[in-house]
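Visitor: Protein chains in written order, with our numbering: chain G, 1 to 552; chain D, 1 to 184.
If you are wondering where the hints come from, they were derived from the structure by calculation, not from laboratory data.
Heads up, some of the hints might be wrong.
Chain D is nowhere near these chain G residues, computed Cβ spacing over 12 Å in every case [to be verified]:
1) Pro-7
2) Ser-8
3) Asp-53
4) Gly-124
5) Pro-168
6) Asp-269
7) Ala-270
8) Asn-271
9) Lys-272
10) Ile-275
11) Ser-310
12) Asp-353
13) Leu-425
14) Ile-456
No more than 30 Å apart at the CA atoms, straight line, and that leaves these computed lysine-lysine pairs for DSSO-like [claimed, not checked]:
15) G:Lys-466 / D:Lys-160
16) G:Lys-551 / D:Lys-101
17) G:Lys-186 / G:Lys-253
18) G:Lys-494 / G:Lys-299
19) D:Lys-103 / G:Lys-83
20) G:Lys-4 / G:Lys-393
21) G:Lys-239 / G:Lys-143
22) G:Lys-393 / D:Lys-160
23) G:Lys-551 / G:Lys-301
24) G:Lys-386 / D:Lys-160
25) D:Lys-101 / G:Lys-393
26) G:Lys-68 / G:Lys-86
27) G:Lys-449 / G:Lys-86
28) D:Lys-160 / G:Lys-48
No residue lacks a Cβ here, since even glycine has one placed at the ideal position from N, Cα and C.
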Amino acid sequence: MSAKFRPSDEVDFLVIGAGAAGGVMAKELSTAGFRVVVLEQGPYLTEKDYRHDEVRYTYQAGLTNDTKLQPITYRKNESEVAKPIKAIMYGRQVGGGSVHFTANYWRFHESDFEERSQFGDVAGAALADWPIKYSDLEPYYTKAEYDLGISGLGGANPFEGPRSKPYPLPPMPVKSSGVLFERATKKLGLHPYPAPMAILSQPYQGRAGCVHCGFCEYFGCEVRAKSSTLVSVIPIAEKTGRCEIRANSYVRKIETDARGRATGAIYFDANKREIFQRAKAVVICANGAETARLLLMSKSKRSPEGLANSSGLVGKHLMWDTGTLAMGLFEHPLNEYKSIQVTRVIHDYYRADPKRGFYGGAGIDARFNYYPANFALTGMPPDAPKWGAEYKKMLGTYFTHTMTLLAHTSSLPQPGNSISLDPDLKDAWGLPAMRVTFDFHPDDVATMKWALTKQIEILEAAGAQKSWAAGMSVEDNMPSTHLMGTCRMGNDPKLSVVDRYNRAHDVPNLVIADGSSLVTAARQQPTATIQALAYRAADYAIQSAKKGEFKA
Amino acid sequence: MESTRRRWLSQCVGIAALAEVAAAQQHAHEAVQSATPPTFQTLDPATALEIDAIVSQIVPSTDGPGAHEAGVIYFIDRALATFDASLREAYHAGMGRVQQKRKEMFPASASVAALSSEQQIQLIHAIEHTEFFELLRTHTMYGFLGNPSYGGNRNHIGWKLIGFDDRMAFQPPFGYYDGPGGDQ
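Chain G with its partners taken away, still in its complex shape (with noise of 0.2 Å):
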């Protein structure tokens, strides 16, 4: 089954990272024909390792990174000085945040390609075209919704870019909190459609059916119907008896040889113990914060400044998961908790729209997205009480009769938000700490008030007996889940680290296919154009593979 390769074994690619982006990889290269070895710094959980815990995964780190072992400074800009935080969310084990992901699975539309054209240029941001386009893209969102198993209805959504097939699976069954949010956008002329979902409505592939048990965001699910890369992919690249998924496995630095050309990479296994993988080429699939973090530890004598960034541009525009919530508490019991989190979105306020006087986008989702604790910390309206008899009371009702909306909004690339090292604090490895440097550009900030008040109109046409703002990326910005844009896409090298295939500008043999490639972050749900891109970089890196571009 599951190859075993020694260090020594010169394997075809070497992938960094088994996530949304790494196992889409594994499996691509390896049922080619390619030898991979995948290293994954988490640990190799599988759906018997899952829990309905809500201690264990909302308040303590659960399936991500932990800020004890690898912590995180945060700084607004570049004259303060980073403070310990946690930032940066990301999942931490074989399947990546594929495992613990809501499971919105949301294609790019065909303008988030050509913002810049079609909206011009954003003063303080770097705004700029994709050197590819929808229609490039387009055959490998296909590719991925039929690979992994994603339920929806074809055509819903009058905004989308064309679709070449209907999705493999019907929408999951709606919910309370969208009955009640398709009734009041189509009261408002808007157009809600099924949400698109990484979850299997019926089985799949030798998977079970989604069984509503309501655990998705944060938790991994213990039936596989969420379409992780873990249950999806990544069993049949360990079929092909070519492919090892090596967990545990923490890479501090990619090694390159005299010609800049990538050879292995140097990880730590589980006892921390220096190991160096060989390989003929590298694939980097890390996530928009880690590999950029990779990248930058991986200096020598040819790239002093890190690996693949002659453009200076590694670690550089961060694009931040921003959004806005807001909440309706109505008559009848929604008993949100139940089953997946969001079934009816809207698209339709999505768009740019230079008339609004700010760049800037909304995708809204009708959804619950808490669980007991958590809603009862954080879930009620700011003028209730914290504490104390009325508390008690007030959940009693809220919880079961109470949904959200989430405005998904946009992030404009800026130079000034990065990645970059800590130059004091180290990790449990001795490596040095993310260091994230992040403020919202003006038009962010407005978009996501002009959301809000959306959202809220919304509520009250769904017939709120009340509705109230619940929060905005602004004031409460962190963990911040949608790392993007750090290793940025383009024609040009000295204006992007990756090219129009993901390969690196400056290595030849490397790949790099996650997060970070993403030049502009459309209205967030970037998972669907993150896999998209990773089954087309593994197209072209098995083209370049047969042609003979990665032979030494």
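Assemble chain D onto chain G, guided by the hints.
Guide: What follows is chain D alone, placed relative to chain G:
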């Protein structure tokens, strides 16, 4: 009833996956068994009584059982013994300041637990904007509404209060509005 559910499950997820669902249900079931330690692991009994008096005002036992009956104090003790061991000092210092405040406000009192309920409420109002109270509130709600395997939420007291049903599977309709008659 059980056979109906099994039949529904088998239709829903396919026979092959049934064993998987059954296994998941079994471990979900094991995880919610209350396992209360007979003694405290980190708290001394006197401090435990004082903390219990405060958390019993966060979720009081008015109109039904509250944080005290749910065993929140056992959850806090377990947390401080395990995943929140780093917060023991915060508790020590925080309770020290609470006692100081109590002496200021009620010089004749001997302990928080010995105050009247009205006095306890006054005391909490005086500390409710402190970091330590936010920590207590966080621990209280995780203890009251978290998985019972951590010592709190005994007999699912917290879950019953808010209307949460911890099951491995549900089927539509989930709420009123997606049910018959709800869509209008």
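Visitor: Confirm or reject each hint.
Guide: Hints, verified against the model:
no., hint, in the structure
1, Pro-7, "holds (35 Å)"
2, Ser-8, "holds (39 Å)"
3, Asp-53, "violated (5 Å)"
4, Gly-124, "holds (35 Å)"
5, Pro-168, "holds (16 Å)"
6, Asp-269, "holds (25 Å)"
7, Ala-270, "holds (21 Å)"
8, Asn-271, "holds (24 Å)"
9, Lys-272, "holds (22 Å)"
10, Ile-275, "holds (31 Å)"
11, Ser-310, "holds (43 Å)"
12, Asp-353, "holds (32 Å)"
13, Leu-425, "holds (17 Å)"
14, Ile-456, "holds (19 Å)"
15, G:Lys-466 / D:Lys-160, "holds (24 Å)"
16, G:Lys-551 / D:Lys-101, "violated (73 Å)"
17, G:Lys-186 / G:Lys-253, "violated (53 Å)"
18, G:Lys-494 / G:Lys-299, "holds (19 Å)"
19, D:Lys-103 / G:Lys-83, "violated (36 Å)"
20, G:Lys-4 / G:Lys-393, "violated (58 Å)"
21, G:Lys-239 / G:Lys-143, "holds (20 Å)"
22, G:Lys-393 / D:Lys-160, "holds (12 Å)"
23, G:Lys-551 / G:Lys-301, "holds (23 Å)"
24, G:Lys-386 / D:Lys-160, "holds (19 Å)"
25, D:Lys-101 / G:Lys-393, "holds (28 Å)"
26, G:Lys-68 / G:Lys-86, "holds (10 Å)"
27, G:Lys-449 / G:Lys-86, "holds (25 Å)"
28, D:Lys-160 / G:Lys-48, "holds (27 Å)"
Hints 3, 16, 17, 19 and 20, counting from the list given before, are not met by this structure.
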